[in-house]
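**Q** Take a look at the letters that make up each chain.
There are 2 protein chains.
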Amino acid sequence: MKAEIIAVGTELLLGQIANTNAQFLSQKLAEIGVGVYFHTVVGDNTERLMQVIKQASVRSDLIIFTGGLGPTQDDLTKETVAAHIDAGLVTDPVAMERIESFFHQRGIVMTENNRKQALVFDRGQVFPNDTGMAPGMAAEHNGRTFVLLPGPPSELYPMADRYVMPYLIGLLPEQQVFHSHVLRFYGIGESALEEQLLDLIESQENPTIAPYAKEFEVTLRITARAKTVAEAEKLIEPVEREIYRRLGEFIYAKGETSLHEVLVEELKQNGKTIACAESCTGGKVASLVTSVPGSSTVMRGGIVCYTNDAKRELVDVPQAVLDTDGAVSEQTARLLAENVRQKLRATCGISVTGVAGPDPSEGKPVGLVYIGVAIDGLPTVVKELRLAGRRHAIVGRAAKFALFYALQRLKKGERI
Amino acid sequence: MKAEIIAVGTELLLGQIANTNAQFLSQKLAEIGVGVYFHTVVGDNTERLMQVIKQASVRSDLIIFTGGLGPTQDDLTKETVAAHIDAGLVTDPVAMERIESFFHQRGIVMTENNRKQALVFDRGQVFPNDTGMAPGMAAEHNGRTFVLLPGPPSELYPMADRYVMPYLIGLLPEQQVFHSHVLRFYGIGESALEEQLLDLIESQENPTIAPYAKEFEVTLRITARAKTVAEAEKLIEPVEREIYRRLGEFIYAKGETSLHEVLVEELKQNGKTIACAESCTGGKVASLVTSVPGSSTVMRGGIVCYTNDAKRELVDVPQAVLDTDGAVSEQTARLLAENVRQKLRATCGISVTGVAGPDPSEGKPVGLVYIGVAIDGLPTVVKELRLAGRRHAIVGRAAKFALFYALQRLKKGERI
Numbered sequence: 318m319k320a321e322i323i324a325v326g327t328e329l330l331l332g333q334i335a336n337t338n339a340q341f342l343s344q345k346l347a348e349i350g351v352g353v354y355f356h357t358v359v360g361d362n363t364e365r366l367m368q369v370i371k372q373a374s375v376r377s378d379l380i381i382f383t384g385g386l387g388p389t390q391d392d393l394t395k396e397t398v399a400a401h402i403d404a405g406l407v408t409d410p411v412a413m414e415r416i417e418s419f420f421h422q423r424g425i426v427m428t429e430n431n432r433k434q435a436l437v438f439d440r441g442q443v444f445p446n447d448t449g450m451a452p453g454m455a456a457e458h459n460g461r462t463f464v465l466l467p468g469p470p471s472e473l474y475p476m477a478d479r480y481v482m483p484y485l486i487g488l489l490p491e492q493q494v495f496h497s498h499v500l501r502f503y504g505i506g507e508s509a510l511e512e513q514l515l516d517l518i519e520s521q522e523n524p525t526i527a528p529y530a531k532e533f534e535v536t537l538r539i540t541a542r543a544k545t546v547a548e549a550e551k552l553i554e555p556v557e558r559e560i561y562r563r564l565g566e567f568i569y570a571k572g573e574t575s576l577h578e579v580l581v582e583e584l585k586q587n588g589k590t591i592a593c594a595e596s597c598t599g600g601k602v603a604s605l606v607t608s609v610p611g612s613s614t615v616m617r618g619g620i621v622c623y624t625n626d627a628k629r630e631l632v633d634v635p636q637a638v639l640d641t642d643g644a645v646s647e648q649t650a651r652l653l654a655e656n657v658r659q660k661l662r663a664t665c666g667i668s669v670t671g672v673a674g675p676d677p678s679e680g681k682p683v684g685l686v687y688i689g690v691a692i693d694g695l696p697t698v699v700k701e702l703r704l705a706g707r708r709h710a711i712v713g714r715a716a717k718f719a720l721f722y723a724l725q726r727l728k729k730g731e732r733i
Numbered sequence: 318m319k320a321e322i323i324a325v326g327t328e329l330l331l332g333q334i335a336n337t338n339a340q341f342l343s344q345k346l347a348e349i350g351v352g353v354y355f356h357t358v359v360g361d362n363t364e365r366l367m368q369v370i371k372q373a374s375v376r377s378d379l380i381i382f383t384g385g386l387g388p389t390q391d392d393l394t395k396e397t398v399a400a401h402i403d404a405g406l407v408t409d410p411v412a413m414e415r416i417e418s419f420f421h422q423r424g425i426v427m428t429e430n431n432r433k434q435a436l437v438f439d440r441g442q443v444f445p446n447d448t449g450m451a452p453g454m455a456a457e458h459n460g461r462t463f464v465l466l467p468g469p470p471s472e473l474y475p476m477a478d479r480y481v482m483p484y485l486i487g488l489l490p491e492q493q494v495f496h497s498h499v500l501r502f503y504g505i506g507e508s509a510l511e512e513q514l515l516d517l518i519e520s521q522e523n524p525t526i527a528p529y530a531k532e533f534e535v536t537l538r539i540t541a542r543a544k545t546v547a548e549a550e551k552l553i554e555p556v557e558r559e560i561y562r563r564l565g566e567f568i569y570a571k572g573e574t575s576l577h578e579v580l581v582e583e584l585k586q587n588g589k590t591i592a593c594a595e596s597c598t599g600g601k602v603a604s605l606v607t608s609v610p611g612s613s614t615v616m617r618g619g620i621v622c623y624t625n626d627a628k629r630e631l632v633d634v635p636q637a638v639l640d641t642d643g644a645v646s647e648q649t650a651r652l653l654a655e656n657v658r659q660k661l662r663a664t665c666g667i668s669v670t671g672v673a674g675p676d677p678s679e680g681k682p683v684g685l686v687y688i689g690v691a692i693d694g695l696p697t698v699v700k701e702l703r704l705a706g707r708r709h710a711i712v713g714r715a716a717k718f719a720l721f722y723a724l725q726r727l728k729k730g731e732r733i
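Chains A and B, in that order, are what the protein sequence lines are.
Number 370 in the working numbering belongs to position 53 of the first sequence; there are no gaps in the numbering.
Number 614 in the working numbering belongs to position 297 of the second sequence; there are no gaps in the numbering.
Just chain A, same shape as in the assembly (with noise of 0.2 Å):
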């Protein structure tokens, strides 16, 4: 199945805002196996609209539109679309009572142009918006199906993944479900992952495996299609422990989460506590911890200790280590580490001492990191890397290091 998107708005052709519903959509595609082969962005403008809509019909058997389902005049793509098709419009009873009830609640007098949002094809099938008002619909015409989503994305997500992806999946050739697990990996670069897994990668077809990289973590996907559920997982298992047996060092997590709630969770569920000394990430790794919901009752607090000074009043490294070894040191991250756990009282105390850049610091060079974890009953761990990448990535990845090398500590109590 040959699938296209077309995004409707004019404030994606000036630019205010990045056609981030191709992208989403064009993941969950991929996931199905459909392939996407044209993403279009066109104005509010019925002329150019039904230019690309009669393009689109030429060359696509799937056509999902998004955008221009709300009540203004600008909103145009079912009008457009209706008329290619020659398909009707009528009310949604459903959508047009969830409209009512919205300007109700609000106490707002509703104005009449809201009615249009509740209009759908007088065919097909229609996707109830759980969280907004216009709602999604299908229609088929010649062979080829249009698919009309809303443009907002807290509309358009939860409307694909509930009701929008199903009956696409519903669409294909043979009734099949798609299933992914997701790991999540640290410590190991993309390509050095790809390395290590590039037969099963190339040799795969289902489950298919897909490594992503952003915010300097990678996640691996394998989605296996199957008849059920059950089946898709018998195809994964073996894939996944495969996986496991060569890179489980470096996974931290399946399913979608994050090192920070990962930690989080693990301190959480054993009762236990965190505090951090942190010199070039600046605050990095206690913002992180902190961002996690209910982060209170684990986190006891953090010390930025940016200079000399603050190591030695605020966490007591003594001033002949400072001296002696420098501020990035073996010594200092094992004294910020342990020393900022008996200050705060916590279970495990965690550090960072490096240099950030642009310029080297103490005659050392830039991307020079040392993390240090000391957690009560055990030895207390530094490691020492080397991190590449302008300042900005250099914190980044150390605050992630950190928060990686106390959660194996914590975890498995294991050498990192």
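Among the hints, a few may not be true.
Since the list gives no way to pick out one identical chain from another, each pair is judged satisfied if it fits inside one copy or across any two copies.
What the hints assert, rightly or not - Restricting the straight-line Cα-Cα distance to at most 30 Å, the calculated cross-link-like pairs of lysine-lysine (DSS-like) are:
id	residue 1	residue 2
1	K433	K585
2	K371	K585
3	K585	K681
4	K571	K728
Calculated from the structure, these hints are not laboratory results.
With chain A fixed as given, assemble chain B onto it according to the hints.
**A** This is chain B only, laid out in the frame that chain A set:
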């Protein structure tokens, strides 16, 4: 002049990245008054790319391509456009030298396919790539202009700013300059700002006034077109003066910068230093300040006093204050700012304490935040805020408000 933007790259159709290049270029073109009518994304496929080129050639005067200029077989934009516009490809000596020196400096052997990157059209314009290898280029054909730019934003953005936009301005019917001033606001929302300036925004054609909101800040771009920069300045001046008259208190800077950069610069210029005590922002303020290169000369350090213990033990807030006023109170904010300033011997102490949510705390509502600013020789001020949004937004806004108030107080010693 009618323009369209064509992005070439299968990674876009797989949803691995969003088409932010089209957004960036659309903004740039809007600024110089060029209308963009379509965005298209097509994969790394000669036949489909040729279809898209042919279509663009009949409907647009200016066709800008991004991506597909790299060294691999997948990179075919240049070859395909050259075939369409009857251009030959020749080696650009400057680009070739740059590519060779790139490999030489890194001590890596250059593979043959890299030479392909130095090929440019045998007519038209070459745009140097100051941050990568493949140059950009432009050529005319049948009265249309074809512009080819590299895909990586780190290469495209500087190339567009330095070389492509001046070239495109030269193509406009009348020789014009487009000259902008950017005003950066804090402490006012986009809609409130628009409301205050509605008459200016609606009535003005030259200069144009365009507000943008991102990362909890609002930016206003005033753009004038004229024969010379001096003439454009003359058009901007009265509008900018009027905006300052109405909203000057919310303007923290002009030009491309950020609250934390402006604050660090202000401290540096005056030989002053800063320290912060953060409760609900959990290290975000420190993290923003230390993200500025060279901030180590002004940043004395920070304390993330997430718990009452930490507020008492690390920042000397008396237990009686925590019992009577509470952790989220004007008095606690005042003591945190004053004490962290003294403890770290800084010129300026900033504090943030509040309820980030999701749940209320001490019977105080989500979004209630106190910010303290204690400056050597000035009375301490504490500001109470009631911020809307979820945890992430409350933390982000509170951190920026802290920077904003510190900046205002440092700059003008004024009431905040």
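**Q** Indicate, hint by hint, whether the structure satisfies it.
**A** Hints and how they fare:
Within a single copy, K433 and K585 get their C-alpha atoms no closer than 47 Å, and across copies no closer than 56 Å, so neither meets the 30 Å cut-off. Within a single copy, K371 and K585 get their C-alpha atoms no closer than 56 Å, and across copies no closer than 60 Å, so neither meets the 30 Å cut-off. Proximity of K585 and K681 under a CA criterion of 30 Å is satisfied inter-copy only: 24 Å between copies versus 38 Å inside one chain copy. For the homomeric pair K571 and K728, the shortest alpha-carbon distance inside one copy (15 Å) is at most 30 Å, but the shortest distance between copies (49 Å) is not.
Consistency with the previously given hints fails for numbers 1, 2, ordered from lowest to highest.
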